[in-house]
Amino acid sequence: MATTASDTHGHDPSPGHDAHDHAKVGHGDGHGHEAHPAHLAHHFDTPEQQFGTSKLGMWTFLATEVLMFGGLFVAYSVLRHNNPEVFLWAHKALDWKWGAIDTAILLASSYTMAWGVRAAQLNQRGLLMFMLALTFAGGLGFMGIKAIEYEAKWRHHLFPGKLNVLNVEYKGQNFKAPLTAEQIANQKEHTIDYVDSHDKPAGGEHTMPAKQESGNGESSTHGDSSAEVHTPPVAHDAPPVIASVHAELIGTPVIDPHEGTANAAKIKPPVTIPGGVKLDALEPHQGGHAIVTYGMLHTPDQKKINAFFSIYFMMTGLHGFHVLVGMGVMVWLFIRATRGEFHSEYYTPVDLGGLYWHLVDLIWIFLFPLLYLIH
Amino acid sequence: MAHQVSNSEAHEKQHHHAVPLWLLTVVFIALLLLTGATVWVTRLDGNQVNVPSFNILMALLIAFVKAVLVCLIFMHLRWDSPFNTVIIICSLLFVSLFIAFTIIDSSMYKSTLTPPSGFTPSEQIAGDGAAPAH
Chain Y
1 MATTASDTHG HDPSPGHDAH DHAKVGHGDG HGHEAHPAHL AHHFDTPEQQ FGTSKLGMWT
61 FLATEVLMFG GLFVAYSVLR HNNPEVFLWA HKALDWKWGA IDTAILLASS YTMAWGVRAA
121 QLNQRGLLMF MLALTFAGGL GFMGIKAIEY EAKWRHHLFP GKLNVLNVEY KGQNFKAPLT
181 AEQIANQKEH TIDYVDSHDK PAGGEHTMPA KQESGNGESS THGDSSAEVH TPPVAHDAPP
241 VIASVHAELI GTPVIDPHEG TANAAKIKPP VTIPGGVKLD ALEPHQGGHA IVTYGMLHTP
301 DQKKINAFFS IYFMMTGLHG FHVLVGMGVM VWLFIRATRG EFHSEYYTPV DLGGLYWHLV
361 DLIWIFLFPL LYLIH
Chain A
376 MAHQVSNSEA HEKQHHHAVP LWLLTVVFIA LLLLTGATVW VTRLDGNQVN VPSFNILMAL
436 LIAFVKAVLV CLIFMHLRWD SPFNTVIIIC SLLFVSLFIA FTIIDSSMYK STLTPPSGFT
496 PSEQIAGDGA APAH
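If you're matching them up, the sequences are chains Y and A in order. Using the working numbering, the letters of the first sequence map in sequence onto residues 1 to 375. Using the working numbering, the letters of the second sequence map in sequence onto residues 376 to 509.
For reference, chain Y alone in the conformation it holds in the complex:
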């Protein structure tokens, strides 16, 4: 007996079908119950039950994803708990502005994704396709910025693990043997003191780019230049910290150019001693958080810089991989939407794909402050 629809039982409407005319399949082949939408699988009573079940399954999967990233968050927590100074210093290699842009892009892509689901529910096929394309573009922008950031790290030889230039095991040298003079020189040569916009000496200038030629004795000039500063007077009356890579990193005391004046640091500036100064001994200096430089780290901490970069690359890498998968899902959904497979009665794949994308956004919402905004 001929069925009422040209498609076989259980398949989606053929591309030629108008989206509203989701074919009901007759059961001349002996099913014995009334016709139901083609997209309804047999083991469900109603499309609503099927949809609810799909959602349940997706949320269970999302729970497993949360736990997977949770493992990495645990690693982050332990590493940061045990090495706060390393994190406080090494995070400055990250630019928080890129992170903020990334966050905004992902939030926007979540917005367009949620709008896309809404469009599918309202039979707005063109709008759905447009929203899926925008979401894909958001993912592309996010990965593009990641590429920029990663390239910048690698250019500075900031790799995870052993290859990290700041790790004393660089080039496979013996970790336990005392460093030779040449190794020390080599290590210092590659040490870059990243600047945080909070690391301003009195006068509000940035003074610590990598390998600053002016050397380490220029702090007094900052007091002179305070007249030219545009920043409000409350900001950054911080004692400058000598941190040039060309200076003796260990054993160099910190000079406060305002010593004896009204602007002198309310707490004594930290002094570098052989082996570095433990961070939690530093009180926040007036105007902000304590400045940490590479030279102020304990020698063992200086050997553990890769701890930060390892967790950074692992977390953002795994997250980036998820974004790539999400982009693939968007493409797949887009193709299906082109064929008119989604309508107000059946938009489950769009919904579930949206849930996945929102989870990716959620994870980044937590990654951003934990990696980029450490102060």
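Simulated from the structure, these hints should not be mistaken for laboratory data. Hints may be right or wrong, so weigh each one.
Derived list of chain A stretches under chain Y, where covered just means 3 residues or more per stretch with a C-beta under 8 Å from a C-beta of chain Y [unchecked claim]:
#1 430 to 442
#2 457 to 471
#3 476 to 483
Each computed SDA-like pair below joins lysine to any residue, with the alpha-carbon atoms no more than 25 Å apart [claimed, not checked]:
#4 K97/Y with V401/A
#5 K485/A with K146/Y
#6 K146/Y with L408/A
Remember, it's a predicted structure, so these values are computed and weren't measured experimentally. Each residue gets a CB set at the ideal place from its N, CA and C atoms; glycine is no exception.
Keeping the supplied structure of chain Y fixed, place chain A upon it in accordance with the hints.
Showing chain A alone in chain Y's frame:
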């Protein structure tokens, strides 16, 4: 349909509810503002309470609010079957347990770690600024 059960009414509601566009937009703008707040809070100048632990707490608190917004509105949990919410809350609870217990455990063993070389607390006293002036 012959197999209609009361459950399907809840599913029916969940099935057909489209989030109002104005709500999506408002939530999106709120999320952007909260992102700005996160950055601002962790970079406060002149904040005498600017200790690292306070910063991360504030940032995580704001992140939590953002997560709730995304979950409830973007991910439709507000109108979904409550069991979906139970699932996600449970997973977050377990992650919290995971982190908390590991930190506790790690803290207990921190004192047994090799102390950094060359560090003596008594040498923390700030210098007299005796380094040569410039």
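Taking the hints in turn, this is what the structure says about them:
1. Under the rule that three or more residues need a Cβ within less than 8 Å of chain Y, the assignment of the region 430 to 442 of chain A holds, with 8 such residues.
2. Check on the region 457 to 471 of chain A: 9 of its residues sit with their Cβ under 8 Å from a Cβ of chain Y, so the three-residue criterion for coverage holds.
3. Here the region 476 to 483 of chain A counts 4 residues with a CB under 8 Å from a CB of chain Y, which clears the bar of 3, and the coverage holds.
4. Proposed proximity of K97/Y and V401/A is supported: the alpha carbons are some 24 Å apart, at most 25 Å.
5. Taken as a hint, the K485/A and K146/Y pair is broken in the structure, with Cα atoms around 34 Å apart against an allowance of 25 Å.
6. Between K146/Y and L408/A the alpha-carbon distance is near 23 Å, which keeps this suggested pair within the 25 Å criterion.
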